[in-house]
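Q: Protein chains in written order, with the working numbering: chain L, 1 to 148; chain A, 1 to 148; chain Y, 1 to 148.
Don't take every hint at face value.
The list treats identical chains as interchangeable, and a pair is accepted whether it falls inside one copy or across any two copies.
[Said to hold, decoys possible] In silico SDA-like cross-links for lysine to any residue, where the CA-CA straight-line distance does not exceed 20 Å: (1) Lys102 x Arg144; (2) Lys27 x Met55; (3) Lys102 x Val77; (4) Lys6 x Thr86; (5) Lys27 x Arg142; (6) Lys27 x Ser141; (7) Lys27 x Leu143; (8) Lys27 x Arg144; (9) Lys102 x Val145; (10) Lys102 x His117; (11) Lys27 x His123; (12) Lys6 x Pro83; (13) Lys6 x Gly132; (14) Lys27 x Ile96; (15) Lys27 x Glu84; (16) Lys102 x Leu143.
Hints in this document: simulated from the structure, not taken from any laboratory. Every value quoted in this text rests on a predicted model; they were computed, and no experiment measured them.
Take a look at the letters that make up each chain.
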Amino acid sequence: MSELEKLMSILDIHALKARYFRSMDNKDWPALENVFAPDLVADFRAATGGFDESMLIHGAATYVAQLAPILGQVLTVHHGHMPEITIESPTTASGIWAMEDKLWVQEGSALPFRWMHGYGHYHERYVRLERGWCIKEIRLSRLRVDVG
Amino acid sequence: MSELEKLMSILDIHALKARYFRSMDNKDWPALENVFAPDLVADFRAATGGFDESMLIHGAATYVAQLAPILGQVLTVHHGHMPEITIESPTTASGIWAMEDKLWVQEGSALPFRWMHGYGHYHERYVRLERGWCIKEIRLSRLRVDVG
Amino acid sequence: MSELEKLMSILDIHALKARYFRSMDNKDWPALENVFAPDLVADFRAATGGFDESMLIHGAATYVAQLAPILGQVLTVHHGHMPEITIESPTTASGIWAMEDKLWVQEGSALPFRWMHGYGHYHERYVRLERGWCIKEIRLSRLRVDVG
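Looking at chain L on its own, in the form it has when it is part of the complex:
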């Protein structure tokens, strides 16, 4: 793999993660599922500051099907920063991203808070499928979570 191909892959993965954030905050669920490999492992057990075993999920379709109704009554803003991407082979890579998220919960939601403001890091693995780089593993660690 040439240095140029590595740089192209790094920038492709940056744009992949941008689509992850944008499709989530715009509640475009088909676009969100499309950033994941079908056999995604999503570990959001630390997402809300506690440790929720139900948030370890296998499969992109399953994850999006679980997430969509939860966020249906929530306005979200997710921001990502400061990627550290390592290209390991032409079809595998890993990465870390700093992140911040804000949730504003609307009336009628089952979530046990009205707003949440969190900070942390995504720890990810990527795989290159025929349609391009996809997120294959995603785990969120937290520096801090405030809720109200």
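Dock chains A and Y against chain L, hints included.
A: Same frame as chain L, now just chains A and Y:
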């Protein structure tokens, strides 16, 4: 256009947008005008959360001349995140950026709020002039705006 | 220096700065010292919004030894945005980053505030040592600092 030239253009556009933010928050109006093509179309009709027709502006000089007195009594922080840049030809490109902005309004300003905190996306088109890549079209969409 | 080598250096410096933020917020002091050149000049005199002469520090080891006890009782989140990196030679570069930082101060800290929320820019110089690109000079300028 080679892949290397495309990567160089993508990073040039990242730095262009960085100058946009930095010159605005430092109120360096000549530097801000310099990031725009002269025939800029700036669509900030959704900027303050409502829909203000006077914020659709043609021309870089006109836009900066309108903006500078508004922001003269406002401390601003604008942050950009997660670019998705598409190089369409050696001289044209498009891009989307996540953004967050905070305004603190000082005494004497005509703005109808004391502070604003917003979230959204820039949707942009770029053109490569002799002096380098410039922003030719900029439109701001909003996820949320809070004012107080 | 080829254009490809310049792009590789720019992305290396992006990842270097990511390690700076991540090691600081995770209080991994050896990793933090490792992002700096040994003869670091760190100018954080404007960090807390005033102007504190004791925050102009020479030497990576000295800086980290001074910082670690201060932050031992503080939860921090630092985010960086919008790099403008200039590669000046195969071993020297400069850069500007937008930044935002939040500090939550725990009981028993000597810091004269309970929380801080700041905005500004890092102005930096980089040097390429045998172990890769390092931060050689870092200066923080502020747009705004709020404390409570």
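Q: Would you mind marking each hint as holding or not holding in the structure?
A: Now the hints, each set against the structure:
{"no.": "1", "hint": "Lys102 x Arg144", "verdict": "both (12 Å within a copy, 11 Å between copies)"}
{"no.": "2", "hint": "Lys27 x Met55", "verdict": "within (19 Å within a copy, 27 Å between copies)"}
{"no.": "3", "hint": "Lys102 x Val77", "verdict": "both (5 Å within a copy, 15 Å between copies)"}
{"no.": "4", "hint": "Lys6 x Thr86", "verdict": "both (9 Å within a copy, 18 Å between copies)"}
{"no.": "5", "hint": "Lys27 x Arg142", "verdict": "between (23 Å within a copy, 14 Å between copies)"}
{"no.": "6", "hint": "Lys27 x Ser141", "verdict": "between (23 Å within a copy, 15 Å between copies)"}
{"no.": "7", "hint": "Lys27 x Leu143", "verdict": "between (25 Å within a copy, 11 Å between copies)"}
{"no.": "8", "hint": "Lys27 x Arg144", "verdict": "between (25 Å within a copy, 14 Å between copies)"}
{"no.": "9", "hint": "Lys102 x Val145", "verdict": "both (10 Å within a copy, 13 Å between copies)"}
{"no.": "10", "hint": "Lys102 x His117", "verdict": "both (4 Å within a copy, 13 Å between copies)"}
{"no.": "11", "hint": "Lys27 x His123", "verdict": "between (22 Å within a copy, 18 Å between copies)"}
{"no.": "12", "hint": "Lys6 x Pro83", "verdict": "both (15 Å within a copy, 19 Å between copies)"}
{"no.": "13", "hint": "Lys6 x Gly132", "verdict": "both (14 Å within a copy, 18 Å between copies)"}
{"no.": "14", "hint": "Lys27 x Ile96", "verdict": "between (24 Å within a copy, 17 Å between copies)"}
{"no.": "15", "hint": "Lys27 x Glu84", "verdict": "between (26 Å within a copy, 18 Å between copies)"}
{"no.": "16", "hint": "Lys102 x Leu143", "verdict": "both (14 Å within a copy, 11 Å between copies)"}
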